[in-house]
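2 protein chains.
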Amino acid sequence: MTLNLTIVQTTTKKEKPDPNQLGFGKYFTDHMFIMDYATEKGWYDPRIVPMQNISLHPAAKVFHYGQTVFEGLKAYRTKDNRILLFRPDKNMERLNHSNERLSIPPVDEEFLLEALKQLIAIEKDWIPPAEGTSLYIRPYIIATEPALGVSPSNHYLLMIILSPVGSYYAEGIHPVKIYVENQYVRAVQGGTGTAKTAGNYAAGLKAQEGASEKGYSQVLWLDGVEKKYVEEVGSMNVFFKINGEVVTPVLNGSILNGITRNSIIHLLKHMNIPVAERKISVEELYQAHANGTLEEAFGTGTAAVISPIGELNWQDKKMVVNNGETGSLTKELYDTLTGIQNGSVSDPFGWIVEVK
Amino acid sequence: MTLNLTIVQTTTKKEKPDPNQLGFGKYFTDHMFIMDYATEKGWYDPRIVPMQNISLHPAAKVFHYGQTVFEGLKAYRTKDNRILLFRPDKNMERLNHSNERLSIPPVDEEFLLEALKQLIAIEKDWIPPAEGTSLYIRPYIIATEPALGVSPSNHYLLMIILSPVGSYYAEGIHPVKIYVENQYVRAVQGGTGTAKTAGNYAAGLKAQEGASEKGYSQVLWLDGVEKKYVEEVGSMNVFFKINGEVVTPVLNGSILNGITRNSIIHLLKHMNIPVAERKISVEELYQAHANGTLEEAFGTGTAAVISPIGELNWQDKKMVVNNGETGSLTKELYDTLTGIQNGSVSDPFGWIVEVK
Ligand SMILES: Cc1ncc(COP(=O)(O)O)c(C=O)c1O
Ligand SMILES: Cc1ncc(COP(=O)(O)O)c(C=O)c1O
Numbered sequence: 001m002t003l004n005l006t007i008v009q010t011t012t013k014k015e016k017p018d019p020n021q022l023g024f025g026k027y028f029t030d031h032m033f034i035m036d037y038a039t040e041k042g043w044y045d046p047r048i049v050p051m052q053n054i055s056l057h058p059a060a061k062v063f064h065y066g067q068t069v070f071e072g073l074k075a076y077r078t079k080d081n082r083i084l085l086f087r088p089d090k091n092m093e094r095l096n097h098s099n100e101r102l103s104i105p106p107v108d109e110e111f112l113l114e115a116l117k118q119l120i121a122i123e124k125d126w127i128p129p130a131e132g133t134s135l136y137i138r139p140y141i142i143a144t145e146p147a148l149g150v151s152p153s154n155h156y157l158l159m160i161i162l163s164p165v166g167s168y169y170a171e172g173i174h175p176v177k178i179y180v181e182n183q184y185v186r187a188v189q190g191g192t193g194t195a196k197t198a199g200n201y202a203a204g205l206k207a208q209e210g211a212s213e214k215g216y217s218q219v220l221w222l223d224g225v226e227k228k229y230v231e232e233v234g235s236m237n238v239f240f241k242i243n244g245e246v247v248t249p250v251l252n253g254s255i256l257n258g259i260t261r262n263s264i265i266h267l268l269k270h271m272n273i274p275v276a277e278r279k280i281s282v283e284e285l286y287q288a289h290a291n292g293t294l295e296e297a298f299g300t301g302t303a304a305v306i307s308p309i310g311e312l313n314w315q316d317k318k319m320v321v322n323n324g325e326t327g328s329l330t331k332e333l334y335d336t337l338t339g340i341q342n343g344s345v346s347d348p349f350g351w352i353v354e355v356k
Numbered sequence: 001m002t003l004n005l006t007i008v009q010t011t012t013k014k015e016k017p018d019p020n021q022l023g024f025g026k027y028f029t030d031h032m033f034i035m036d037y038a039t040e041k042g043w044y045d046p047r048i049v050p051m052q053n054i055s056l057h058p059a060a061k062v063f064h065y066g067q068t069v070f071e072g073l074k075a076y077r078t079k080d081n082r083i084l085l086f087r088p089d090k091n092m093e094r095l096n097h098s099n100e101r102l103s104i105p106p107v108d109e110e111f112l113l114e115a116l117k118q119l120i121a122i123e124k125d126w127i128p129p130a131e132g133t134s135l136y137i138r139p140y141i142i143a144t145e146p147a148l149g150v151s152p153s154n155h156y157l158l159m160i161i162l163s164p165v166g167s168y169y170a171e172g173i174h175p176v177k178i179y180v181e182n183q184y185v186r187a188v189q190g191g192t193g194t195a196k197t198a199g200n201y202a203a204g205l206k207a208q209e210g211a212s213e214k215g216y217s218q219v220l221w222l223d224g225v226e227k228k229y230v231e232e233v234g235s236m237n238v239f240f241k242i243n244g245e246v247v248t249p250v251l252n253g254s255i256l257n258g259i260t261r262n263s264i265i266h267l268l269k270h271m272n273i274p275v276a277e278r279k280i281s282v283e284e285l286y287q288a289h290a291n292g293t294l295e296e297a298f299g300t301g302t303a304a305v306i307s308p309i310g311e312l313n314w315q316d317k318k319m320v321v322n323n324g325e326t327g328s329l330t331k332e333l334y335d336t337l338t339g340i341q342n343g344s345v346s347d348p349f350g351w352i353v354e355v356k
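Heads up: the protein sequence lines correspond to chains C and X, in order.
Per UniProt numbering, the first sequence runs over residues 1 to 356.
Per UniProt numbering, the second sequence runs over residues 1 to 356.
So here's chain C without its partners, still in its complex pose (with noise of 0.2 Å):
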């Protein structure tokens, strides 16, 4: 494919950040993917550009409607000094469904994934090489419009900017405490639950809050309707092993379709390990957990990888999983994908895409 994309190098680059102080998303570098779409154009005028502020009209619909969505996905540098993506076509595929429930325009996935390529490739001395840390690839699409009605937008600006960073907790890979939220909704079906759109993520800040207080670091939201039945955490799908078998919610229309999570699954099933997607209780979890079945616990996300979750406080009830320690299912699993991710362990899905 040849790329139609301006390229305007920055003249005054940027210092790297500490590699050891990377933390998440706070530090961008030195360029950006910037592309417009008008409706009588379609998307147009795709280009790399130094990073720099957005100007926008105060009216533009993205501030007064939410019209936006987003991706995540991750660069790896390997020991040998290759840069490779994780599953980057299940990224922009997730993108168009996402543009579809927010009524944005589509776009093209091929093009999109090779301009990414190439940003990346402009930005590689920007990954970090250490373990556990790589280069963050947020690309999104704000409603640019200014106008106050509540419609669709005509106008809006996709942007791709990357971050180096480091682990998405501050517990690193040990595990994290969860609070099994009872008050708040993240998304219910027929809602945006499907979407990776800023409205699910503004309605979980304050539930997130109210755990964080507790000493939690996450919440696990349960259903909207009966709140009886686990759906995922912040920014993360969830297992459990019960008794042998490892279980995650079903993908039942208010939750996000994982790109960890389903790789997981795979995994699992690669490794001969039972596996079902299904509804799952917090009622069960309780009970498993009382009689000794619930083995591990574990969130799946591009930011944390694989997250052990070492408590669940369901009430006031905690649930204390495998002694609060990371589960030696959780481990294989982590080391099994983080490996196939940085190139240490081959990849037997075809995974991995390398960017030249």
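Simulated from the structure, these hints should not be mistaken for lab results.
Everything numeric in this text was worked out from a predicted model, so none of it was measured.
Treat each hint with caution, since some may be false.
[Claimed, not checked] The calculated lysine-lysine pairs, modelled on BS3-like cross-linking and capped at a C-alpha distance of 30 Å, are: (1) X/K117 x C/K227; (2) X/K206 x C/K279; (3) X/K177 x X/K41; (4) C/K41 x C/K13.
[As the list claims (entries may be wrong)] Restraint ranges, calculated between C-beta atoms of paired labels, are given here: (5) X/T12 x C/D36: 24 to 30 Å; (6) X/N243 x C/N154: 40 to 46 Å; (7) X/A38 x C/N20: 25 to 31 Å; (8) C/S346 x X/P106: 51 to 57 Å; (9) C/N257 x X/N262: 37 to 43 Å.
Beta carbons: idealized from backbone N, C-alpha and C, even for Gly.
Given the structure of chain C, go ahead and fit chain X with the ligands onto it with the hints provided.
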């Protein structure tokens, strides 16, 4: 109250738009109000400046996680050229309610109202005189911190922008056709439905598009749990006159506490017309329509004021209300409320606030 407010006047005033072609939220005045927030400083530097684009880092949280709230009210010009606001204290109160839900720091309601009045006074020439026209006022807050971790922002901008407006609907005060939405859901208890926040409107775009394609101007949302009970219309609360009694959905934790809704309830009580806030199933409306007791239906909201509903479509069953014409009570309420708002009818409730 003495206001500590910087004012920078524009040097290039825009031409006013044709007062017969205003539409809704398409034109903006010469000045805007801005105020900053930083965790360590609180709200600071309130100022009125020429209307201008805002410059934001591409990682500003509002773009990614939708942490934003807004309000909507109007300034009216009386026949004798006074400028009136309608219950503006209620909008300030609701702004803080929305802030609470979105983990945004509260604002000083009294201060913000004074700043708003000052802005209106500066822009008073922009308030159109014709009946049905007014100056729409949009206060809003956006999270501006450039950081991709999902957590409340440490920086915000509060802005107020102004737009001279005509009728919200192309139909003017003529009856609109409304589509009862069965698939998509706007909000659910525990979600953000009681807040005026961007994500609620983003969630509604898709359904709105579908309704437009079928020739309906808005959707009527049903509850997200059972999809049985009527909630509200796009940007209006909804009322029905059934067999002499006026009913409106009770504030159940998923709909907006509309200020027009509240005012209509007061007016009806004042007029000794029976009014009830309660659960209303769409089945009940269907039955009432079938037996001839669904006498009138209308939506209420700042933008549209009172909008008669001439037809409801529920799963392709059409309920034509009052032969598709504006009902007499709807008309009386419209006349009284717009009369109070534009100063031509006396205000027994103390709702009107004059801008000097
Ligand atoms: C709400 C939510 N669920 C799940 C995930 C995990 O998805 P993925 O594995 O594709 O990163 C994410 C993060 O991307 C998320 O934001
Ligand atoms: C979702 C929603 N419901 C109802 C209303 C009506 O509220 P109000 O009468 O305060 O304008 C609005 C508009 O403000 C709205 O956006």
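Status of the hints after comparison with the structure:
no. : hint                        : in the structure
1   : X/K117 x C/K227             : violated, 44 Å
2   : X/K206 x C/K279             : holds, 27 Å
3   : X/K177 x X/K41              : violated, 49 Å
4   : C/K41 x C/K13               : violated, 34 Å
5   : X/T12 x C/D36: 24 to 30 Å   : holds, 27 Å
6   : X/N243 x C/N154: 40 to 46 Å : holds, 45 Å
7   : X/A38 x C/N20: 25 to 31 Å   : holds, 27 Å
8   : C/S346 x X/P106: 51 to 57 Å : holds, 55 Å
9   : C/N257 x X/N262: 37 to 43 Å : holds, 41 Å
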